[in-house]
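Student: The hints should help you fit chain B onto chain A, whose structure is shown.
For the protein sequence lines, the chains are A and B, in the order given. Residue 12 in the working numbering sits at position 12 of the first sequence; the count goes up by one each step and never skips. Residue 110 in the working numbering sits at position 110 of the second sequence; the count goes up by one each step and never skips.
Treat the hints as calculated values from the structure; they're not laboratory data. Because the structure is a prediction, the values reported are computed rather than measured. For each residue, glycine too, the CB sits at the ideal point set by N, CA and C. Worth double-checking, as some hints may not be accurate.
Some chain A residues judged to face chain B by a derived CB distance under 10 Å, without partners named [to be verified]:
#: 1; residue: Y30
#: 2; residue: T54
#: 3; residue: E55
#: 4; residue: L61
#: 5; residue: A64
#: 6; residue: R93
#: 7; residue: I95
#: 8; residue: L100
#: 9; residue: K107
#: 10; residue: A108
#: 11; residue: T244
#: 12; residue: N246
Okay, the calculated bits of chain B under chain A, using three or more residues with CB under 8 Å as the criterion [what the hints assert, rightly or not]:
#: 13; stretch: 1-9
#: 14; stretch: 42-54
#: 15; stretch: 57-64
#: 16; stretch: 91-105
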Amino acid sequence: MIDALHPIAAAPFSVQAFSCQKAGNARSEYEDAWAIRGSDSPTRCRVAVADGATESSFSALWAALLVESFVRGRRTGTEFFDRLGAIRRLWRRKIRGRPLPWYAAEKAGKGAYAAFVGATLNAVNHGWRAVAIGDCCLMQITGSPADRVLLKSFPLTHSEQFGSSPFLVGSVRKPDDDPLPHLRMSEGILAPDDMLVFTSDALAAWLLRRAERGEPAWDAIGPDGIRTQEEFEGLVAQAREDGTRNDDMTLVRLTRRNGIERGTT
Amino acid sequence: MYSAEISRKNPGCFIFLLDQSASMEDPFGGSADRKKADELATIINKLIHNLSIRCAKGDSMYDYFHVAVIGYGQDTVVKSAFDGPLTGKDLIPISELANNPLRIEDRTKKTDDGAGGLVEQTVKFPLWFEARHAGGTPMSSAFKMAAEIVQRWVAEHPKGFPPIVINITDGEATDGDPVPEAKALGSLGTDDGATLVFNIHLSSAAANAIELPASDEGLPDKFAKQLFEMSSSLTPFMIGRAKELGMPAGDGARGFVFNAQPMQVIQFLDIGTRPANLR
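Just chain A, with the same shape it has in the complex (with noise of 0.2 Å):
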C-alpha cells in the first residue's frame, strides 16, 4: 500500500535487523544493543550497534543508551563523542536507585563499557558517514545477488585483528579513559545493490574469516539469505560449529530499496 506520510520518493532504505543472545544464556542477558532511525525518511537514516563488554556490570543499559543516543541525535564522530555526559548521566540515575549487595555496588562504580558503530546515510545521495570505536563493524558489500564482494570493513578489515582487547567507551568518566584519540572515522556511497552490514564483533571476525578462506560469506546475510529471526540463528549455529566464540552476535542490514519497492510498506 502507499504510505500517506511518505510518498514515493520516501523510504528509501529497507533495514532489518537481528540479534542473538550467547548460547546458554536467557534472552534478558544479550549485551549487545541497536538502534535505527529514519528509513522511512526522505532525508537521512541513521543506524548504531553497540556491544557491551561481558566484564563489565550495566553493560546492556549502557549499549542501549550509546546507540539510542545515536539514532535520536544529530551528531556525528568527535561530536556525539565529546558531549557523552546526559546519557553518563542517565546510566548512573539508573544504578543509584537499586539496593546494591558490596560487590555489585563496587563494580557499578568501576563503569560499563561498549564498543559501538554508528552511521549517518544521506537519503538523497546515499552517503553515508561513519564512527567507530572499539570492533563492532560496518561492511559495504556491493555487487549483484549471487556475486556480491566486500568493499569496505570499518574499522577493522581483517579476521586476525579481533581479539585483542580493543578501547572501549566507559559509562564513567575517568582522567586516562578519553575515547576521542580512539574514534575511527570512514564514509562511502552506497550504489543500488550494494548493502551495509552492521555487526558486533564475533559476527564479523566469522564473516571476514570465511571470506578470507575463499568461502561464501556476504550472499548468505543478504535479504534473500538471511529473511526471518530462525535463519539468523541458523547462521548463528553454524559460525559458532566454525569455531566463532559463544558471544552474542547482532546484525542489522541496510539496503537501498529498488524502484518496485519504493513507497509501499
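Tutor: Relative to the frame of chain A, chain B by itself:
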C-alpha cells in the same frame, strides 16, 4: 587443551593451600613490621574480593568460579581456612563467598582525583578469614585434601576447565615428601587437561626472586627443587598474561615463584587465576 569456556554451567575451580605454620610469623620480604601470615591473609582476602568483583554482573553474581581456601599448620591440622558463617566449608560457589564474608571493614585508599592530585576514599574491604601461624607444615596432607576435592569436582565437571591449585608456603613439609601427593593431584583432570598445580615460595629476606622458571637450574636447595617439580607448566593464556605483567615467561615456564616478594605473589595469583576468557 586448557581452552574450555568458563561459564556458569562449567565454572572454574580454584583451591588455595595456605601455609599457616609457626614460621609464617616471620617478616615478609625483609619488612620488619609485616608478618608473612598477615600479609598472606590480606592478599588472599583481596584475591577473593577481586574474584567476586569479576563475577558480579548487574545486581547479582554469576558463579563463574568455585573457591576453596585450605590452611595447614597447627597440630598438623589441615582444614578450610574460612571463618565466620563459612567455617568448615571447603569448595563453595563465589556467590556464597561474596554474600557471607566474616566481616566487611571500611578502609581508606588514595585515588586519582582527576586533576593530578590524590584524594582519600573509603572502600569496603571484606574478609573471609583471619591470619594464623602455629605448629608444623603438613603440606603433604594439604595436597591430599586438595586431591579429594578435585576428584569430586572433575567427576561433576568432566568437560570443564581443569581445577587450579595454588600452594603458598615459606618452607618445607613436616609430614613427609609432598612431591608424590602433588603428582597424584596433577594426574587428576578433565577432558580439557590435567589439574594445574602451582607453588609460591615466600621470602623472609629482601632477596631476588626466581619467577616462572622453565628448569630447576639456579634453584638453591632441594626444597626449592621439590616445589619446582611439584609445579605444572603455565598454559599459553597464562604465559601471555605473565608477559603483559612484565614477568619472564618463556616456553615451558612453570607456575612457580621462589623467594617471592608480596608484589610477586599478587602478580602470580593474577596470572594463575585467569584460566581463559569468561563467557
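Student: Does each hint fit the structure? Answer for all of them.
Tutor: Right, here's what the structure says about each hint:
1. For the restraint placing A:Y30 at the interface with chain B, the shortest Cβ-Cβ distance is roughly 13 Å, beyond the 10 Å limit, so the hint is violated.
2. Of the supplied interface hints, the one on A:T54 holds, with its beta-carbon coming within about 6 Å of a beta-carbon of chain B, less than 10 Å.
3. Using the Cβ-Cβ criterion of 10 Å, the hint placing A:E55 at the interface with chain B is satisfied: the shortest such distance is roughly 7 Å.
4. At its closest, the beta carbon of A:L61 sits 9 Å from a beta carbon of chain B; the interface hint therefore holds under the 10 Å criterion.
5. Below 10 Å, beta-carbon pairs count as interface contacts, and A:A64 has none with chain B, the closest being about 13 Å; its hint is therefore violated.
6. Interface hint status for A:R93: violated, as the beta-carbon distance to the closest one in chain B is roughly 15 Å, over 10 Å.
7. The beta carbon of A:I95 comes within 9 Å of a beta carbon in chain B, closer than 10 Å, and the hint placing it at the interface holds.
8. The closest approach between the C-beta of A:L100 and any C-beta of chain B is roughly 5 Å, which is under the 10 Å cut-off, so the hint is satisfied.
9. A hinted interface residue such as A:K107 counts as satisfied when its beta carbon comes closer than 10 Å to some beta carbon of chain B; here the least separation is about 4 Å, so the hint holds.
10. For A:A108, the suggested interface contact is upheld, since its CB lies about 8 Å from the closest CB of chain B, less than 10 Å.
11. Look at A:T244: its Cβ only gets to about 12 Å from chain B, farther than 10 Å, so that hint breaks.
12. Interface restraint check for A:N246: the shortest CB-CB distance to chain B comes to about 6 Å, inside 10 Å, so the restraint holds.
13. Taking a C-beta to C-beta cut-off of 8 Å, the stretch 1-9 of chain B contributes 4 residues in contact with chain A, enough for the three needed, and the coverage statement holds.
14. With a threshold of 8 Å between beta carbons, the proposed coverage of the stretch 42-54 of chain B by chain A holds, since 3 of its residues qualify and at least three are required.
15. Three residues within the 8 Å Cβ limit are the bar, and the stretch 57-64 of chain B against chain A gives 5, so the coverage statement holds.
16. Counting residues of the stretch 91-105 of chain B whose beta carbon lies closer than 8 Å to any beta carbon of chain A gives 3, which reaches the threshold of three, so the coverage claim holds.
Violated hints, listed in ascending order, are 1, 5, 6, 11; each of the other numbered hints is respected by the structure.
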